[in-house]
Every structure is written in structure tokens, then in C-alpha cells.
Amino acid sequence: MADPAALFDAILTGNAKKAAEVTQAALEANVNPSELLNKYMIPAMDEVGRRFECNEYFVPELLIAARAMKASLELLTPKMAEIGTKAAGRVVIGTVKGDLHDIGKNLVASMLEGGGFEVIDLGVDVPTDKFVEAVKGEEGTILALSALLTTTMTMMKTVIEALEAAGVRAKTKVMIGGAPITQQYANEIGADGYSDNASAAVAVARKLVAG
Amino acid sequence: MPIEGLTIIGETINDSVPSTHQMFEAGDVDGLLELAKMQDERGAAYIDVNVGPRSGEFMADLVKKIQAVTAKPLSIDTPDATIARAGLAAYDPARAGGRKPVLNSISALRAEMFDLYAVRPFMPILLVSEQVVDGQSGPCHTAEQTHEAAKALLALARAKGREIPNNELIFDPGIAPIGTDAEGNLKRLVAAMALIHNDPDFAGVHMSVGLSNFTVMLPSKRADGSPVKGPLESAFLTKTMPLGLDMVIGSVKRKYDRLAPEDPAMRCVEEVLAADGFEAIMRVRDFYA
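Residue numbers (the numbering used here), protein chains in the order written: chain A, 1 to 211; chain B, 1 to 289.
Since the hints were made in silico from the structure, they are not lab data.
In this text, a Cβ means the ideal position worked out from N, Cα and C, and glycines have one as well.
It cannot be assumed that every hint is accurate.
Here are some of the chain A residues that sit facing chain B, going by a computed Cβ distance under 8 Å [stated by the list, open to error]:
#	residue
1	59
2	61
3	67
4	98
5	100
6	103
7	107
8	124
9	125
10	127
11	149
12	150
13	179
14	180
Build out the structure end to end from the sequences listed, making use of the hints.
Put into C-alpha cells, the structure is as follows:
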């Protein structure tokens with residue numbers, strides 16, 4: 001059997017094929033899925049994030065590593081469900097109404113998946129009521145909103161107001177990001193979290209889950 | 001520096017540029033005016049002005065102040081019709097030798113901005129990477145969709161009362177970062193430019209992209225210490241200028257060149273065009289890592 005520790009390197013270097021092979025071999029050898037996730041995979045993505053923060057890695061490396069992580073998770077997730085292990089958290093993500101930009105949103109979604117979160121991607125140009133519907137019934141869901149345009153960023157406030165009107169604001173954590181978005185804007189509209197890059201968004205999401 | 005046949009709209013006065021954002025936040029108008037002068041002196045044909053979420057009054061005031069230090073025409077850069085209206089109204093064509101301003105940009109999702117032509121005639125940048133079909137809006141995923149989006153905006157530009165001539169239309173087929181291109185956007189873009197370039201109805205139009213977006217999120221240097229961004233952007237220009245690209249919103253500091261086929265950056269762009277999915281991203285990583 002392949003050494004499960006090789007999973008760390010496979011994800012760090014973005015080798016999706018190797019990551020899947022090591023994961024499959026480990027599962028066949030009855031290695032605990034939680035051990036694979038917590039001992040090798042999440043630490044690998046944390047290291048990817050660390051290298052990104054200090055300019056050793058750049059966005060292509062983030063994406064390639066996240067793909068390797070996803071290849072491994074696809075094998076791992078059914079096994080984790082069998083033994084009742086839950087994801088790090090549930091994130092509903094989308095670009096707000098009137099805005100068709102998806103690059104930043106997709107980056108954040110990839111990194112959150114790589115960070116062990118269940119991610120429901122609603123796409124771009126998402127109507128406000130669709131965001132509200134997606135978070136209903138799942139207490140503790142994180143709603144991640146993206147906008148690239150100064151004319152559409154105001155929709156984030158609209159979404160938060162709609163969450164309040166629907167009575168689900170208190171049960172939902174809202175994080176926002178996008179080129180024109182700042183921490184100050186997040187404060188102004190009452191968002192719970194803000195990140196200016198995809199890697200740091202994972203840390204923000206973990207903080208929101210921890211409360 | 002510009003290369004022959006390429007018009008540069010100087011990109012620096014933009015609220016999304018971190019160093020410029022700091023100037024906006026600090027109220028450093030003198031600093032913004034120095035950026036205008038610097039871009040003028042270094043060969044920008046137009047000076048882009050993007051004030052972010054600030055007011056129309058702010059845009060109008062800045063347009064007047066920038067025109068006081070440069071005779072180059074301006075590019076009023078905002079998706080907000082109110083801010084655009086204020087910038088266009090404040091713009092003085094006489095100060096720019098009678099030349100019209102650029103309006104950056106109009107897309108199918110904000111086609112009502114054509115109405116601003118009545119405020120002051122402009123050369124619109126027409127963003128054709130977005131489409132509205134049967135009331136449904138969305139990004140263009142194929143070259144053919146992009147071409148159709150261009151046809152739709154061309155018809156609106158020619159509407160009675162404006163009749164903007166082809167040589168005053170600037171089509172932007174939408175460029176995406178090459179370092180994230182797992183969905184074949186570069187393929188779509190190059191093929192769309194060819195369709196527009198070869199369509200007789202578009203004879204004489206300009207084509208433009210926001211060139212710096214192509215290399216955003218990449219390192220500045222390759223493993224051997226040579227630059228990453230300038231060569232990749234030059235490779236893009238080498239590939240697309242024969243397809244009609246003749247304008248960019250870009251940097252006047254960057255040294256753009258036409259590259260030989262064997263240049264590593266040129267090979268990288270060709271490999272990305274030939275690759276599928278994440279292989280494209282890996283070819284970019286191979287170029288600099």
C-alpha cells in the first residue's frame with residue numbers, strides 16, 4: 001500500500017492522479033478517512049495557503065492543489081458519510097444579481113472545497129431569493145457573496161436585508177469578497193466576514209464556523 | 001511603451017489598482033494628476049479614469065482636473081450610468097483637440113448607457129463577453145455567442161439618433177487571467193476575434209482588451225529571474241493583433257514586443273490554446289516555475 005503521507009505531497013504539488021491513487025490504496029487498507037483528511041489533506045492545503053501568503057505559490061498552484069484535493073475528497077466523502085463524519089461546514093456561494101463575473105467566486109469555491117467544506121455553488125447573476133432559499137433549513141450555513149462591479153456590490157446589502165426579512169439572518173454567517181469590496185464595506189453592510197483573496201477566505205470560513 | 005499599430009488606454013487611474021486606491025482614499029488628487037501626466041508622457045493615447053464607487057460629482061471634478069494637465073482624451077471608466085453621465089458632461093473635447101472620450105464600457109446588461117450619447121458623443125467600449133438572450137443574461141461561453149453579442153451591440157450602436165460609425169466602436173471580447181483558464185476562455189477569445197475580424201459588417205471597428213487582466217495573479221518573475229507578465233502579454237498581442245486587436249487598456253510602463261514563434265512566452269500561449277481543462281493552467285505554471 002502507498003504511504004498515506006504521500007497524500008500530503010501529492011496535494012501540495014497538485015498531482016491529482018497521485019492523490020487519488022494514494023487515497024484509494026489507503027481506503028482499501030482500511031485507513032480511517034478522518035485520519036487521511038485531518039493528518040494529511042487539510043494540512044497540505046494549509047501549507048498551500050501558507051506558501052500563497054508568502055508568495056511562494058500563486059493562483060495556478062492554488063487551483064492545481066485544490067483539484068488534487070478534490071480528487072481525493074471524491075473518494076473519501078462517501079466513506080466519511082458512512083461513518084458519520086461531517087464536512088468542515090456548509091457554504092452556499094454565488095455572484096450577486098446583475099454580475100456575471102465568476103473567476104474570483106470559482107477560486108474561493110475551489111479553496112473552500114479543498115479546505116473540507118461542503119460547497120453549493122449557485123453560479124453568477126444569482127437572484128436574492130435564491131440565496132435565501134439555499135440557506136433556509138440549514139442552521140450555521142455560510143453564505144459567501146461575490147461581486148466585481150461597484151454597481152452590483154450593493155446587492156450584498158440587499159441579500160443581507162432579505163435574510164433578515166426571511167428570519168434566517170441569525171442562523172446564517174455572511175462573508176463577502178470581490179475587487180471593489182473592503183473590510184470597511186463589510187462592516188457597513190453588516191457582513192460577518194471578508195477576505196481579499198481565495199486562500200484567506202478558507203481561514204475566514206473556519207473562523208465563522210468556530211463562532 | 002506602445003508598439004506600432006497598438007493604441008494604449010493608460011490604465012493606472014483606477015480605484016481597483018491598490019496604490020491608486022490609496023491615493024483616492026487619502027484624497028491625493030495631486031498624485032492622481034501625476035499619474036495622468038506620466039501616462040501622457042509615456043505614450044498613452046487615452047487616459048482611463050475609474051473612480052470606483054465615488055460620486056458623479058467626484059468623477060466630474062477629477063475629469064476637469066485631469067484635462068487641465070493633459071491634452072490626451074479620457075476614457076470614462078464605470079459601469080454606473082450616473083457616474084458616467086457626470087464624467088461625460090464634464091469632459092471638454094476642445095481640450096483634447098476635438099477628440100471624443102471613450103466610454104468604458106457598455107454591455108448587453110447595461111445597454112441603456114447608449115442613451116448617454118445624447119449627453120456627449122463618445123467612443124464606446126462594447127463588452128461582448130456577456131449576452132442577454134430571451135431575457136436571460138449570462139456570460140458568453142463560445143466564440144459564436146461572443147460574435148452574436150457583438151452583432152446585438154453593433155445594432156444598438158447604429159440605432160437612429162446616434163448612428164455611431166464603425167471606426168468609433170471598440171469591441172472588447174473579454175479577456176480572462178491565463179493562470180485560471182481551465183475553461184478555454186483564451187480559445188473562445190481568439191476564435192471570437194477572428195469571427196469579428198472576418199465579418200464584413202464589422203469593417204473598421206476597433207478591438208480592445210484589458211491586457212493586464214491576462215497576467216493578473218501570476219508571479220512577476222520566472223524561476224530564472226526573467227519577467228513573466230510582459231512576455232506573456234506580448235505573446236497575446238502577437239497572437240491577436242493580426243486578428244484585429246488594435247487597442248488595449250494597459251500599462252505604459254510595460255515593454256510590449258511582437259515575439260518570435262520560438263519565444264518561450266509565445267510557446268506558452270500556443271500550448272494553452274492547445275490544452276484542455278487544467279492542463280492549460282499547468283502549462284502556465286510550467287512557464288514560470
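Hints and how they fare:
Checking residue 59 of chain A against chain B: minimum C-beta separation of about 4 Å stays under 8 Å; hint holds. For residue 61 of chain A, the shortest C-beta to C-beta distance to chain B is roughly 7 Å, which falls under 8 Å, so the interface hint holds. The beta carbon of residue 67 of chain A comes within 6 Å of a beta carbon in chain B, closer than 8 Å, and the hint placing it at the interface holds. Proximity of residue 98 of chain A to chain B holds as hinted, the smallest CB-CB distance being about 7 Å (cut-off 8 Å).
Hint on residue 100 of chain A holds. Least Cβ distance to chain B is approximately 5 Å, under the 8 Å limit. For residue 103 of chain A, the interface hint holds, the least distance from its beta-carbon to any beta-carbon of chain B being 6 Å, beneath 8 Å. Nearest Cβ of chain B to the Cβ of residue 107 of chain A: about 7 Å, under the 8 Å cut. The hint holds. Interface hint at residue 124 of chain A: satisfied, since its Cβ lies 7 Å from the closest Cβ of chain B, which is below the 8 Å cut-off.
Given hint, residue 125 of chain A at the interface with chain B, holds; its Cβ is 6 Å from that chain's nearest Cβ, closer than 8 Å. Interface hint at residue 127 of chain A: violated, since its Cβ lies 11 Å from the closest Cβ of chain B, which is beyond the 8 Å cut-off. Residue-level restraint check for residue 149 of chain A holds (minimum Cβ-Cβ distance to chain B is 5 Å; threshold 8 Å). Residue-level restraint check for residue 150 of chain A holds (minimum Cβ-Cβ distance to chain B is 4 Å; threshold 8 Å).
Proximity of residue 179 of chain A to chain B holds as hinted, the smallest CB-CB distance being about 5 Å (cut-off 8 Å). Taken as an interface hint, residue 180 of chain A checks out: its beta carbon lies about 6 Å from the nearest beta carbon of chain B, inside 8 Å.
The structure is inconsistent with hint 10 alone, although it conforms to all the rest.
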